[in-house]
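Student: Please build the complex by placing chain A on the supplied structure of chain F, with the hints as guidance.
2 protein chains.
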Amino acid sequence: MIDGPVRPRRSRLRPVGPDRVRITGGFWAELQERNRDAILPHIAEWLDRTGWLANFANGPAERRGREFSDSEIYKFLEALAWELGREENPKLQEIYDKSVKAVAAAQKTDGYLSTRFGREGQEPRWSDLEWGHELYCIGHLIQAAVARARTGHPGDLLVQVAQKAADLVCDTFGADGIASMDGHPVIEPALVELYRVTGEQRYLDQARLFLDRRGTRILPDIEFGRAYWQDEVPVRDNTVFHGHAVRAVYLAAGAIDLADETGDEELLDAVTRQWRRTVARRVYVTGGIGSRHQDEAFGEDFVLPPDRAYSETCASVGSIMVAWRLLLAHGDPAAADLIERTLFNVVATSPAADGKAFFYANTLHRRAIGPLPDQDRPNPRPTATVRAPWYEVSCCPTNVSRTLASVAGYVATEDDDGLQLHQYVPGTVAGRVTVTTRYPADGEIHIRVDEDADEPWSLSLRVPAWAGDGATLTVGGHTWEVEPGYVTERRRWRRGDEVVLCLPVEPRFTHPDPRVDAIRGCVAVERGPLVYALESVDVPGADSVDEIRIDPEHAPVLRGGQVLVRARRLTLSDEDWPYAAAPPRPAAEDLGEVPLIPYHTWANRGPSTMRVWLPTLC
Amino acid sequence: MIDGPVRPRRSRLRPVGPDRVRITGGFWAELQERNRDAILPHIAEWLDRTGWLANFANGPAERRGREFSDSEIYKFLEALAWELGREENPKLQEIYDKSVKAVAAAQKTDGYLSTRFGREGQEPRWSDLEWGHELYCIGHLIQAAVARARTGHPGDLLVQVAQKAADLVCDTFGADGIASMDGHPVIEPALVELYRVTGEQRYLDQARLFLDRRGTRILPDIEFGRAYWQDEVPVRDNTVFHGHAVRAVYLAAGAIDLADETGDEELLDAVTRQWRRTVARRVYVTGGIGSRHQDEAFGEDFVLPPDRAYSETCASVGSIMVAWRLLLAHGDPAAADLIERTLFNVVATSPAADGKAFFYANTLHRRAIGPLPDQDRPNPRPTATVRAPWYEVSCCPTNVSRTLASVAGYVATEDDDGLQLHQYVPGTVAGRVTVTTRYPADGEIHIRVDEDADEPWSLSLRVPAWAGDGATLTVGGHTWEVEPGYVTERRRWRRGDEVVLCLPVEPRFTHPDPRVDAIRGCVAVERGPLVYALESVDVPGADSVDEIRIDPEHAPVLRGGQVLVRARRLTLSDEDWPYAAAPPRPAAEDLGEVPLIPYHTWANRGPSTMRVWLPTLC
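From first to last, the protein sequence lines are chains F and A. The letter at position 244 of the first sequence is residue 244 when you use this note's numbering, and the numbering goes up by one with no holes. The letter at position 571 of the second sequence is residue 571 when you use this note's numbering, and the numbering goes up by one with no holes.
A hint or two may mislead.
Computed cross-link-like contacts, SDA-like style, restricted to lysine to any residue with a CA-CA straight-line distance of at most 25 Å [claimed, not checked]:
no., chain 1, residue 1, chain 2, residue 2
1, F, 356, A, 204
2, F, 108, F, 176
3, F, 91, F, 176
4, A, 356, F, 157
5, F, 108, F, 19
6, A, 101, A, 155
7, F, 356, A, 223
8, A, 164, A, 204
9, A, 356, F, 222
10, F, 98, F, 25
11, F, 101, F, 152
12, A, 164, A, 223
Heads up, incomplete: computed chain F residues facing chain A, CB under 10 Å, no partners named [unchecked claim]:
no., residue
13, 276
14, 473
15, 474
16, 480
17, 521
18, 543
19, 547
20, 574
21, 582
Calculated from the structure, these hints are not laboratory results. Backbone N, C-alpha and C fix where the C-beta goes; we use that ideal spot for every residue, glycine too.
Chain F with its partners taken away, still in its complex shape (with noise of 0.2 Å):
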């Protein structure tokens, strides 16, 4: 049996897995050919250029890399397995299966991995829990083997490695053995997950130690605080994500995981109401997460500045990865309306046209055109101005890589009573329906039914909260209007049945919450799920967007398929004290109609500057 990236036990809805969604084209097919034909063939390529795979092979004065480059391996497998799951390729096969043995071979027999410790010359296995990442790379590798597991391989020689793992993380980690955790969440839903495809327990209860431990101060306090690693409150007792962001959502994963698996209400409503916070106050109209560069971290409610986002990639595949779990285990329409938010404008941003470059840092403001990232070496930086081909901290290509190849997974889920659709791609569905549609181009999405059905079911599409004005259901002739969230017609569907879901794409002007300082007195463009952006590519004769002006009068407009709004540029003095006694009132020049791009097409044109967030006023 094939499986989705998650595969809960109680929840309430049950995910439709990638291989029952056949992804035909549009958006996410292109895409995902991308990550087959350029990404991962990319990854592929850095990882034997940096020599982090090689380190699996080579003796430890020979190894290259920062202290958890080995995870970048196991995302690449994990990414190759969903890939391989999704469609035969003899070519990344190979790739595949001659990285596994790599891998394989450099497993102790106590099933002890890592190519950064507890060899001669190297510290002592699990000597630096804080910062040495092994227990986080061990959760990378078992996340690699329930994919592989969950797409027709459950012996894989990379599932029997990652369980000789996990089996040595029981032992050591157990409830008499070292009373601590990693620095860096991840483990913690990899073990359910391994549980879930295994049915061995100890995994779970392990799993729960790890969770129960962390927030009991056990790691150091540091500048950053111990929310860095979570450690500064139970997950049960917190109120909102902090600290470090893609260790916030991590761990926040592996508490619903635990939940599902337990029964434990009191920590799924406690996770369930920090996101709900979260959502509400610290997340980017991108769905990015995480403002701060110092620590990676979230801020705290509203500190949402554009030019100082963070909004790391791989944040935003955690977030995914809680939002999927939350939409599972309640069907709350806001997580999918997340999902697709943050699929559109952050996962589909980070990688270049080309798939040879990626964004780590997700800025909904470039000021400046800055440095330029070293084409032939890892990028030191987190940021810059055009996309990378590789960092030293290079998490996000192959967290882009596996997302995207198992972006499928996303898109349905059933329950006793039927079918709900969360996302719209062109293809077929669990062998239930067909969607034809050239969303998020435009609004109209045809549901055929591809069965004759002996009794009524009910077939569930999701409004997102952006359609609230406009969207129409069209059922046997009938058209209606209806409402954000999940629209459900329950019939004794027939094969050919067609249903159609009309959401209003019209581009649209979006405010701000009051509280959120650092754009008042601006608009962004969005058109469906796409943020738009301006770049200073389309601004004639101007490096920075920064003296553009919108009028908020005149409604966004897409003409020959561009998204067009008025403007104008102030003319502003150069040098002087930029504070004054009286209110600005600059010259300005009308620049009639400018054009806008989706937000995730930005920087492929060169250097440029770019905003999000347009401001109305001086």
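Tutor: Chain A alone, transformed into the frame defined by chain F:
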């Protein structure tokens, strides 16, 4: 001969040293007393408690503190030197003597001095120039020695120690020596100043070597870029201050000193241009600099978020060092304006009312009451809800102290034509005038001439840029309006002649440049040189000040000694996606008038939230 903190050779203006300015009361006298009675003893106590002073006597195994902890002893000695130059104080003298003895005893016979390197079990000398801070510490040692020499003790033991260390630096890093420099500038201005004190040409030559090397990419590229240690471009090729803010301004101070002593006009022009551009684009309304927490660095132009302001106290001390040098070089009133603004709103903000705790970072907006600093151990974080008694990196308390002890040195200058008053303090200046004023509490400044002159001379008074509307000068019964800049009266002054400068110190709104995105739609309130703030303790029933909106149609008023603004409080929903199709129109409750406080006094009444920039819009 006693002299000020800087004594350039060729500059347009000559400093009037702190021995020739006697502050007899008012704002700065109070702070100088607080420095003498509370801050200096507090620092002495913590240098004992932390063992940082004992490091000089202890063996390497007992060494405590960070790699730069020696510098805190040196900055403390500099503060003591200025304070003892101001007035005798047996208790502080004893601390000074004891500390200098400890430092001198730790010096190697060849002049090397560091508790962190070069001993048994420590890394060798000069083995970590990037992060080791050896030359940085020696730079502060030299500055302390210069202070001592300039306050009447040119033969002091500390001066001998510093010269021996400086000689070793010249021997080691000279033209034929190690062709590198410290990761943290400060030895550059220190060496020029030591040259000024001793006349030793080699110190000037060594400063030039260090300056010329900087920017040639000797130090490694790191995540923050080489701009972090000012090694991305040569000082003379830069266009704006960038990178780590303290490093930037300490280096700029050295560059101006060097330019002055060598007649290098091109270098002086370059730094002047950088400074002007920085003042126009990268300075907070408080005078604070550095908006990035991550690398304690300048942000890009106009990236000045109040809530993530770093505005390190030490960076402001360095900014004053730069502005003072430029004031001497050019007589530019903008430099004196910035010194005044920075003294009142950053240097005076850092120390608590009791002198026993300090802000390291000086945020302009505290959104939430966060962690309270531990009272019994150095704070691991530069930010805290209230001021912390000490820090693991405790550069700021000693920097505040040395600045307060020498603040009289920034009051006045002379040239061949007369006397220039840049700051207004009650007291006597250069034996030529006596100033009587309650400034900044009110705007009336009386200057009485104290000597009969045979020849006419010029008395120049700074009219701050903010006093553009209604400043008047009264001389000999005549009163007229004066413009910002220097107003100069050239007369054959007689003892008892009086000049009265009236500066308009009604509270006023201040509006930001349209490019400072983070404060669009906001006003600040200023009164004279003081920036004001809204603190939550003054708003009944609110922990947060973020729902408060100010009515910009009602100018702030001064009533009963309080500055009042008209305010309302928004009612905002708590849990929802914070981006909407419609502009926000929240309900609001009229609060009537609410009081603001001088920013420098905030956080003295328990944990609170605060903001300087007050939104007028939703």
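Student: Hint by hint, note whether the structure agrees.
Tutor: Hint by hint, here is what the structure shows:
Between residue 356(F) and residue 204(A) the alpha-carbon distance is near 51 Å, which puts this suggested pair outside the 25 Å criterion. A distance of roughly 22 Å separates the Cα atoms of residue 108(F) and residue 176(F); the hinted pair therefore holds under the 25 Å criterion. About 45 Å separates the Cα atoms of residue 91(F) and residue 176(F), which puts this hinted pair outside 25 Å; it is violated. Of the supplied pair hints, the one linking residue 356(A) and residue 157(F) is violated, its CA atoms being roughly 63 Å apart against a limit of 25 Å.
Between the alpha carbons of residue 108(F) and residue 19(F) the distance comes to roughly 34 Å, so the proposed pair goes past 25 Å and is violated. The straight-line distance between the Cα atoms of residue 101(A) and residue 155(A) is roughly 14 Å, inside the 25 Å bound, and the hint therefore holds. Under the criterion of a C-alpha separation no larger than 25 Å, the hint pairing residue 356(F) with residue 223(A) is consistent with the structure, at around 22 Å. Taking the CA atoms of residue 164(A) and residue 204(A), the gap is about 15 Å. The hint holds against a cut of 25 Å.
With a CA separation close to 23 Å, the supplied pair residue 356(A) and residue 222(F) stays within the 25 Å bound. Among the hinted pairs, residue 98(F) with residue 25(F) is inconsistent with the structure: their alpha-carbon atoms are about 31 Å apart, more than 25 Å. A distance of roughly 19 Å separates the Cα atoms of residue 101(F) and residue 152(F); the hinted pair therefore holds under the 25 Å criterion. Restraint check: the Cα-Cα separation between residue 164(A) and residue 223(A) comes to about 36 Å, which exceeds 25 Å; the hinted pair is violated.
Because the closest C-beta pair between residue 276(F) and chain A is about 6 Å apart, less than 10 Å, the hint holds. Nearest Cβ of chain A to the Cβ of residue 473(F): about 21 Å, over the 10 Å cut. The hint is violated. Below 10 Å, beta-carbon pairs count as interface contacts, and residue 474(F) has none with chain A, the closest being about 24 Å; its hint is therefore violated. Taken as an interface hint, residue 480(F) does not check out: its beta carbon lies about 21 Å from the nearest beta carbon of chain A, beyond 10 Å.
Residue-level restraint check for residue 521(F) holds (minimum Cβ-Cβ distance to chain A is 4 Å; threshold 10 Å). Interface hint at residue 543(F): violated, since its Cβ lies 12 Å from the closest Cβ of chain A, which is beyond the 10 Å cut-off. Nearest Cβ of chain A to the Cβ of residue 547(F): about 7 Å, under the 10 Å cut. The hint holds. The beta carbon of residue 574(F) comes within 7 Å of a beta carbon in chain A, closer than 10 Å, and the hint placing it at the interface holds.
Annotation: interface hint on residue 582(F) holds; nearest CB of chain A at approximately 7 Å, less than 10 Å.
In terms of the numbered hints stated before, the structure departs from hints 1, 3, 4, 5, 10, 12, 14, 15, 16 and 18, listed from lowest to highest.
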